[in-house]
Amino acid sequence: MIVGLIYVCGVSAIIFVFSIFYFVWREGAPFLYDCFDFKSFFTSPEWYPTSVGNKRYGILALLAGTGSVTIVAMLIAVPFSLGTAIFIAEFCGKKTKEGLKIVIELLAAIPSVVWGFIGLMVMNPIIVKLTGAAIGLNALNAGIIVGLMSVPIIVSIAEDSIRAVPDGYIEAAEALGATRWQTVYKVILPAAKNGLLAAILLGVGRAVGETMAVLMATGHSINVPFSAEFPYFHALDSVRTLTATIAAELGEAPRLDAGPGGIFPPEGRHYQVLFVIGIVLFAITFFINITADLIVKGIRNKQ
Amino acid sequence: MKQNTNISIETDNLSLWYGKFQALFDVSSRIKHGMITALIGPSGCGKTTLLRCFNRMNERFSSVGIQGQVRIMGKNIYDADVSLIELRKTVGMVFQRPNPMPLSIYDNVAFGLRIHSPHGKISRAKEAEAVEKALQEVFLFDQVKDHLDKRGTGLPLEQQQKLCIARLLPLKPTILLMDEPCSALDAEATEAVEDLLRRLKEKFTIVIVTHNMAQARRISDECIYMLKGNLIEHNKTAELFVRPRDKRTEEYIEGRYG
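So the protein sequences, as listed, match chains S and Z.
Just so we're aligned, residue 1 is where the first sequence starts under this note's numbering, counting upward by one.
Just so we're aligned, residue 1001 is where the second sequence starts under this note's numbering, counting upward by one.
Think of the hints as simulated: they come from the structure by calculation, not from any bench.
Ideal placement from N, C-alpha and C gives every residue a C-beta, glycine not left out.
To spell it out: a stretch of chain S is covered by chain Z in this simulated footprint if at least three of its residues, at any positions, have a beta carbon under 8 Å from a beta carbon of chain Z; those stretches are: (1) 167-176; (2) 185-198.
Taking lysine-lysine pairs in the DSS-like style, the calculated list, with each CA pair at most 30 Å apart, reads: (3) S:K186 <-> Z:K1126; (4) S:K97 <-> Z:K1020; (5) S:K186 <-> S:K94.
Extracted from the complex, chain S is given alone in its bound form (with noise of 0.2 Å):
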């Protein structure tokens, strides 16, 4: 009875993860069907999903608000996260490390509203303050408050792969004089690259998902931070994301069903849109993930 149950809660996730991707694929589909196009889809900038006469459903400013906040996440996050992983695991005393490890578990229970918060409220007129830029919230606003938010999860993991170092290399590296700074650059982090690498993905997977803080601190307004020449990237610039997208405007498309013959009526392809990019961040999420479950599968085979 009770392994059955436990069997059932095991197999649970498997049923969830399912269904959430066939639901998403329910609602996204018509869309796919009827009107979508890929070269527009993901090339054209231009959102309009609700306009009256011309309907256009370019995402790649979306994509590109997304991506332009992960960068500066991970740009902050990966130097921050890996330095206190290293610190952590290889310099600090016993007290300091029991220490250091709850706060950076508290930082990865502070709720996103708060840091979107912090973003919107303290983070903006700084940022206005410093930069001169006429709005605060903006991919930096945003990528500062995500980068943040990762730094929990990519310590964690990279902390545990910098410890999975056999002790042996470590002791090797020791014997023959090195000091503990070139046992850390030259035989710890070679060694747990690959788990250092997996801690960076999933850092990255969690930059890509973040929804309500990231609302809160882009500026949410339809803009390509790119451009072809110097400086390549503003990250003064407002963005909107993919995840803030559907968060936004979800509530105000209205799911219609199909008329007479199938066809549905063009009012309702919003609604479907934004599931359409649903599977989109599910696709890239997933293969984020995927990436760093197989390079973390392999260190373990390698050893």
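Assemble chain Z onto chain S, guided by the hints.
Coordinates of chain Z only, in the frame set by chain S:
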């Protein structure tokens, strides 16, 4: 006591504690240069601990307390002005399980040179020469010369252990510490490593910890028998195994415990 220039490692009333547990009791010994000295004794007798005092590897564990002196080439290595880095350059160590670092064979051997050259700068030619020489000295070069860029961790265990010895040599150590270097190897590999040690002993002071009494008898010139953290007997191997002075040594070599 007469200062003998032939003495390589000298311990004076060396005691060591792991926290509250005392692992060594007033160990005084004189280990000679140019020969193999084996540390034998039952598990937990402190032989590995003693060995790890000679390059201060015990300091990796927190809460280690040490009293007494360990003099290497006449200098107490626990003095405040001793550089740990220099010490470990002079005193190399080989571990129980072969532990090549997860680098290429070449990089494993060059590792020591690189970390000890200022700013990690050393000419390629010099480095390559030193690596080749070190691998020659352990009779490994011919087997690996065509794949020096392969990972050291992928070699058979015997070659791994030889690699671990080879990587010490470019630093020109005077003392090699070996912590049961053959315990992970099969009989043939053990023989190969023992052969190697015999050839190396002219140039180095070799101190080897071993569980295997037959091995101690085969390769060592002198033996130190330890029990419960005490040095019981230090004698020429031939003497110790044939005419042990102490009753406890006798019992041990006859296999009554251990």
